[in-house]
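Trainee: Sequence:
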Amino acid sequence: MYYTDCPLSLPSPFHQLSLSAPSFSLLPTLSLSLSVYVCMCVFSPSPECRDLIGSGSDRKPNALVQVAVIDPREQYLVSHACTEIVEGSRDPLFLTGVTFPPEYPASPETLVKLTVYDVRDKARDNVSKPLRGEGVSFLGSVTFSVSDLLRSKDDQLTLNLRSSDGVLAVGTVLVSRVNMGEMEEGDMDHITADVQQAQKCTLVCESSQGTQNDKDNSPLTGAVFKNPVCKVYKFQTVDSKWMLVREQMEECTLSFSIPRQLLHLYIQEDMRRIQELRDLGELSPHWDNLRKEVIGRYGQVIAAYQETLAELNKITGPSFKPSCSKAQRYLEFIPINLHTQRMRVTCPRQTDAFYDVITVGAPAAHFQGFKGGGLQRLLSRHEAEKKSTAYQCIYYSPEHTAKAQEVLHSVGHLQPLISGLADQLLQAAQQHSMAGLREALKNLAGKTEQFVHALKDELVKSALLALHAAQPGYVTKNQNQTLPGHQDSPVAPLKRQDSIPCHKEYDEEEWDRVWADVAKSLNCVIAMVDKLQEQEPINNNQEQPIPKQVLADVITSHNPEGDWREQLCPLVVRLKECVAEVVVRARRAMTFVLLQEAACSIPQGLFLKQRRDVVFSQALAALACGFVMRLYAGMEDKGFLRQLHLVGLVAQFESLLSTYSEEIGMLEDMEVGISDLHRVAFKITLAKTDNPCDLQPVVIGRRDHYTVEVPLPQLAFQTLPHEIKEGKALQVYPVLFNVGINEQQTIADRFGDISLQERINQRNFEILDSYYKSLSLPCFQTQTDLKDLLETLGQNVVTKKRKNVEILWLAGTICRRLNGIRFTSCKSAKDRTSMSVTLEQCALLRDEHQETQLWGRVCQWDSDPEAACSVAENKPASRHFYPIALLLVSSHLLVVWLILSLVFLLAKYQ
Numbered sequence: 001m002y003y004t005d006c007p008l009s010l011p012s013p014f015h016q017l018s019l020s021a022p023s024f025s026l027l028p029t030l031s032l033s034l035s036v037y038v039c040m041c042v043f044s045p046s047p048e049c050r051d052l053i054g055s056g057s058d059r060k061p062n063a064l065v066q067v068a069v070i071d072p073r074e075q076y077l078v079s080h081a082c083t084e085i086v087e088g089s090r091d092p093l094f095l096t097g098v099t100f101p102p103e104y105p106a107s108p109e110t111l112v113k114l115t116v117y118d119v120r121d122k123a124r125d126n127v128s129k130p131l132r133g134e135g136v137s138f139l140g141s142v143t144f145s146v147s148d149l150l151r152s153k154d155d156q157l158t159l160n161l162r163s164s165d166g167v168l169a170v171g172t173v174l175v176s177r178v179n180m181g182e183m184e185e186g187d188m189d190h191i192t193a194d195v196q197q198a199q200k201c202t203l204v205c206e207s208s209q210g211t212q213n214d215k216d217n218s219p220l221t222g223a224v225f226k227n228p229v230c231k232v233y234k235f236q237t238v239d240s241k242w243m244l245v246r247e248q249m250e251e252c253t254l255s256f257s258i259p260r261q262l263l264h265l266y267i268q269e270d271m272r273r274i275q276e277l278r279d280l281g282e283l284s285p286h287w288d289n290l291r292k293e294v295i296g297r298y299g300q301v302i303a304a305y306q307e308t309l310a311e312l313n314k315i316t317g318p319s320f321k322p323s324c325s326k327a328q329r330y331l332e333f334i335p336i337n338l339h340t341q342r343m344r345v346t347c348p349r350q351t352d353a354f355y356d357v358i359t360v361g362a363p364a365a366h367f368q369g370f371k372g373g374g375l376q377r378l379l380s381r382h383e384a385e386k387k388s389t390a391y392q393c394i395y396y397s398p399e400h401t402a403k404a405q406e407v408l409h410s411v412g413h414l415q416p417l418i419s420g421l422a423d424q425l426l427q428a429a430q431q432h433s434m435a436g437l438r439e440a441l442k443n444l445a446g447k448t449e450q451f452v453h454a455l456k457d458e459l460v461k462s463a464l465l466a467l468h469a470a471q472p473g474y475v476t477k478n479q480n481q482t483l484p485g486h487q488d489s490p491v492a493p494l495k496r497q498d499s500i501p502c503h504k505e506y507d508e509e510e511w512d513r514v515w516a517d518v519a520k521s522l523n524c525v526i527a528m529v530d531k532l533q534e535q536e537p538i539n540n541n542q543e544q545p546i547p548k549q550v551l552a553d554v555i556t557s558h559n560p561e562g563d564w565r566e567q568l569c570p571l572v573v574r575l576k577e578c579v580a581e582v583v584v585r586a587r588r589a590m591t592f593v594l595l596q597e598a599a600c601s602i603p604q605g606l607f608l609k610q611r612r613d614v615v616f617s618q619a620l621a622a623l624a625c626g627f628v629m630r631l632y633a634g635m636e637d638k639g640f641l642r643q644l645h646l647v648g649l650v651a652q653f654e655s656l657l658s659t660y661s662e663e664i665g666m667l668e669d670m671e672v673g674i675s676d677l678h679r680v681a682f683k684i685t686l687a688k689t690d691n692p693c694d695l696q697p698v699v700i701g702r703r704d705h706y707t708v709e710v711p712l713p714q715l716a717f718q719t720l721p722h723e724i725k726e727g728k729a730l731q732v733y734p735v736l737f738n739v740g741i742n743e744q745q746t747i748a749d750r751f752g753d754i755s756l757q758e759r760i761n762q763r764n765f766e767i768l769d770s771y772y773k774s775l776s777l778p779c780f781q782t783q784t785d786l787k788d789l790l791e792t793l794g795q796n797v798v799t800k801k802r803k804n805v806e807i808l809w810l811a812g813t814i815c816r817r818l819n820g821i822r823f824t825s826c827k828s829a830k831d832r833t834s835m836s837v838t839l840e841q842c843a844l845l846r847d848e849h850q851e852t853q854l855w856g857r858v859c860q861w862d863s864d865p866e867a868a869c870s871v872a873e874n875k876p877a878s879r880h881f882y883p884i885a886l887l888l889v890s891s892h893l894l895v896v897w898l899i900l901s902l903v904f905l906l907a908k909y910q
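Sequential numbering from 1 applies to the sequence shown in the UniProt record's numbering.
Think of the hints as simulated: they come from the structure by calculation, not from any bench.
These numbers come from a predicted model, not from an experiment.
Warning: the hint list may mix true and false statements.
[What the hints assert, rightly or not] Calculated pairs, DSS-like style, for lysine-lysine (alpha carbon to alpha carbon, straight line, at most 27 angstroms): (1) K638 / K728; (2) K520 / K403; (3) K113 / K153; (4) K447 / K683; (5) K447 / K520.
Modelling step: build the complete structure from the supplied sequences, incorporating the hints.
Mentor: Spelled out as structure tokens, the structure:
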């Protein structure tokens with residue numbers, strides 16, 4: 001995996017010119033092998049070098065190849081890319097290929113220059129510009145034009161590698177033009193023959209275009225994913241066959257579009273809340289002052305959100321936020337370094353395999369800082385303060401507040417449905433359609449029962465009593481004076497009430513009567529429909545249809561008015577009136593509950609809500625990106641689509657944050673943000689057009705529940721299962737697993753507290769295990785190894801072990817087996833994240849594609865000898881997934897080492 005932390009500006013795909021990293025040999029037998037691809041989407045294989053001689057005869061060179069492009073019209077050299085440095089080898093194998101980005105401004109006259117260097121100083125900061133650095137020796141170069149390659153016989157060019165003066169030929173270069181696609185058996189044999197005979201590693205793969213390569217740059221993905229950056233590698237498997245690995249990183253437009261939509265929804269919701277507070281009517285001075293203060297706070301939040309939204313709308317350019325901007329105020333809703341990573345593996349006689357992962361910085365309020373901790377700690381502390389401090393309001397628990405929001409959402413959703421179904425009932429009555437009448441009545445009765453059930457809660461009744469007590473002039477029966485805070489003259493402040501008040505002077509049966517009137521009105525409608533059905537003159541046993549005139553006479557004889565609609569209309573209107581009256585009362589009561597919650601929380605509560613909005617915005621942008629990527633990749637997988645609408649998908653977030661210093665606050669923010677994603681559902685819709693603007697996901701809803709609508713073109717939409725096309729909500733189950741791996745985690749393991757990490761892993765394992773048990777699909781229940789993996793993960797979660805990275809490895813493996821979405825995060829999605837994804841990709845190549853060459857090289861970089869031994873024995877070394885030996889030296893061991901060194905020096909010079 002590779003990452004970028006600066007703006008990218010790569011054009012969209014048209015044709016790609018790809019160069020493989022070269023293989024060459026210098027003195028006495030000199031050769032260089034290079035492959036150039038010209039096709040829609042291609043791979044570049046890696047080279048081998050033989051018999052290299054460095055700048056000194058006694059040392060082995062550190063080889064590096066630089067690729068530059070010369071525009072003949074502009075006549076200047078542009079450095080394009082370079083391979084990695086292969087240290088101390090006369091026969092180096094380059095893993096990195098060089099790929100030109102899509103629609104690179106290349107013409108037949110464009111010149112490509114290859115330069116070979118010996119990098120003596122391996123500690124140089126910049127190896128991409130070796131001509132300007134010291135400690136670099138020039139070995140040779142060669143230049144060719146694209147037109148020469150296009151006109152060449154057999155699509156190959158053989159060129160001489162020249163010295164710096166251009167006179168001495170120090171090698172040869174073989175340039176090949178290849179149409180890349182599925183690897184065939186003949187291609188594999190050709191590769192093997194080339195390696196054995198000339199050691200040039202020239203790759204020739206003949207295949208027609210239009211293969212799965214087009215998936216990565218199709219118009220469907222181009223609407224959401226932008227600016228691809230590709231790297232290509234070639235590896236040898238255990239059976240001496242070759243495979244190509246193409247890694248592609250892309251930006252996601254949802255990094256900005258999702259936060260913009262959320263900010264717009266936040267503003268609309270808070271403005272509705274202000275209007276609901278004003279609709280409470282006249283309140284006593286005390287409660288009216290609280291209402292004004294809450295409205296003022298909401299106004300400040302709205303103004304801040306509007307300002308942020310205006311600034312985001314001005315931003316153009318890259319589609320991601322670099323880590324250097326994580327502390328900027330106007331970008332706090334944007335996720336850090338949100339990118340997609342796709343590894344595509346092409347092997348002989350096998351279908352191409354894809355492995356996707358989303359990399360993103362930890363969803364956290366970086367601009368607000370972590371001085372007081374993160375959301376999890378701040379919310380717990382704030383809730384405790386609300387209970388212990390005497391606020392001038394009624395205390396409602398978080399459960400009551402959540403219930404009030406649920407009631408508001410239910411009545412707002414069900415009232416228009418009931419009204420629409422009542423109109424359908426009248427329309428069926430006007431048409432004298434008994435079948436339509438029964439169907440409309442069935443739906444109306446179902447929604448009305450849901451409406452009544454939603455309001456059957458003691459909280460609504462008690463809140464109505466409390467609202468009545470907050471009105472002017474309210475006097476209790478037990479006191480002859482007005483309640484504190486209800487007089488015009490200054491009085492003692494109202495003490496906080498630990499429970500919802502009950503006032504006997506208020507007619508408690510009034511709400512019960514209003515609420516029961518809805519059910520009574522519905523019963524009257526049902527009775528009238530039954531009566532009309534009894535009056536139906538059609539005899540089911542009669543074969544001959546009744547003439548229309550006779551039918552009309554029969555209806556008129558039973559109904560002097562002769563119209564079903566006229567009989568039903570008064571009852572339906574009464575039902576609507578009862579529902580409307582209940583909605584008004586329930587809405588005012590629940591708004592009063594939310595007023596108490598906001599008043600008790602001023603000002604800290606609204607600040608926490610803003611922080612939660614920021615974290616949720618970052619988390620939702622990442623989740624939407626992962627869902628869209630997974631959906632696009634699985635459009636042709638019937639089993640995946642069936643799992644999607646029957647059960648849903650698991651989204652596994654892998655976090656590498658430490659439980660030390662400010663990263664504890666980030667982890668606490670991330671825990672709450674990932675947990676809030678349970679309130680999100682997805683829905684697939686039919687796009688209006690195939691225009692990229694119409695293929696952008698849309699967010700609807702409010703803070704207690706959001707729905708992300710993902711539009712698809714008509715051709716793709718028609719292939720979906722019926723349930724998905726009907727608009728069924730698709731669930732996602734987010735889980736978070738965290739294991740710190742850096743030096744700060746070493747300090748936390750030895751001297752700090754890791755209970756937060758243990759609690760997060762334990763809780764999310766239970767969610768993952770519950771999701772697996774809910775899977776009733778046979779393809780998962782028959783996988784015994786999947787069950788074993790879950791059991792092993794459960795054991796590791798409860799095991800007391802420092803830096804137990806086996807948890808991350810097992811969770812990632814389970815997620816892939818469950819067709820889930822993978823995310824990897826650290827503070828900024830750079831160093832630790834790139835290391836994690838790179839090693840995961842190496843492990844996937846080793847375990848899934850029998851690749852040992854790469855894993856052996858990775859183990860050479862590994863300073864852990866135990867891990868190297870496990871690889872030599874061909875055993876998984878996942879428990880050494882993050883080997884950082886130097887970080888295991890703690891501070892007190894360093895002090896001991898300094899003391900011993902000082903004693904040694906004193907003894908030596910005495």
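Trainee: For the pair we were handed, K520 and K403, check the Cα-Cα distance against 27 angstroms.
Mentor: Since the Cα atoms of K520 and K403 sit roughly 26 angstroms apart, the hinted pair holds (cutoff 27 angstroms).
Trainee: Verify the proposed pairing of K447 with K520, using a straight-line Cα cut of 27 angstroms.
Mentor: Given that 27 angstroms is the threshold and the Cα spacing comes to 15 angstroms, the pair holds.
Trainee: Given the hinted pair K638 and K728, is their alpha-carbon gap at most 27 angstroms?
Mentor: Holds: K638 and K728 sit about 17 angstroms apart, inside 27 angstroms.
Trainee: Hey, K447 versus K683, does the alpha-carbon distance stay inside 27 angstroms?
Mentor: Holds - the C-alpha atoms of K683 and K447 are around 22 angstroms apart, at most 27 angstroms.
Trainee: Is K113 close enough to K153, meaning Cα to Cα at most 27 angstroms?
Mentor: holds (21 angstroms)
Hint compliance for this structure: every hint is met.
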